[in-house]
Amino acid sequence: MLLFSDVAQVLLPSAVYLFALLLILAIAGFRAPDRSLLRRLRFLLVALAVCTYIASAPIFSNWLIGRLEDGPAPVLPERHEAQSRARLIVALASGRVRNTVEGERAYLDEHGWNRTIAAIDLWQRIGGRLMFNGGPIASDGKAVADRMAEVARSYGVPKSEIVVVRAASNTYQNITTLRDSLGTDRPEIWLVTSAIHMPRAVNVATRMGLHVQQFPCDFRHNTAMGWRAWFPHNNGPADFELALHEVLGNAAYSFRDWRAVD
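Everything in the sequence shown is counted per my numbering, starting at 1 for the first residue and increasing by one.
Do not take every clue at face value.
[What the hints assert, rightly or not] Ranges between beta-carbon positions, derived for each pair:
1. S154 - A238: 27 to 33 Å
2. L41 - V247: 27 to 33 Å
3. R125 - T223: 48 to 54 Å
4. Y155 - V75: 19 to 25 Å
Treat the hints as calculated values from the structure; they're not laboratory data.
Where is the CB? At the ideal position from N, CA and C, for every residue including glycine.
Produce the complete structure using the sequences and hints provided.
Structure (structure tokens):
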């Protein structure tokens, strides 16, 4: 569908309806009597309509996501056992805790699954230790990182090669716990996270004095968008929010003295 991805969305309040309403009110404002409230608010309504359009038209969020994901392609080394032991692959966890009939349980979200599979793939290609870092912790004591480790073991990664770090709930804590776990060791660090999240994670790591090799995954940029992307879409604000979160988070770490942003 042009404006919606599901028929059910037609029945729900959405950015598409908000944009249409603001556009109608803005046009009406220019046609209203001179001293009416609608006339006085016409430029504000135009500004709100433009902002809503930018946030909901996929062409804009896709461009911003593409800018964030535009990083260097990783150059993978060959797998040698002697060198593999000096490598550490760090996958940043992503998921949530949900209540089930068995109590609270940690689950991977889409980003978490993509990062887990990418980390396993990288381990199979270059070797090393595999660290799963962070995520919320359920009442059973298991974090999202534990679930990622379980998936890795099911793919044949030996338990002895897996490290789980639970005490991290945002990017700053992810990198802090990584740095603290190294001690005096300085292995070759490969950072695995969503491509859109990579600039923020690398920014934090660099400020902490860690040099990391980037292995981005979970790409969101769509290179095949057509003319439909210029129309507001019900799913547009979610993608725009995802990109804006990364921009604001990176700015916060750069200019607000390491204030934690999830």
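Check your understanding: If you check each hint against the structure, which ones fail?
Key -> 3
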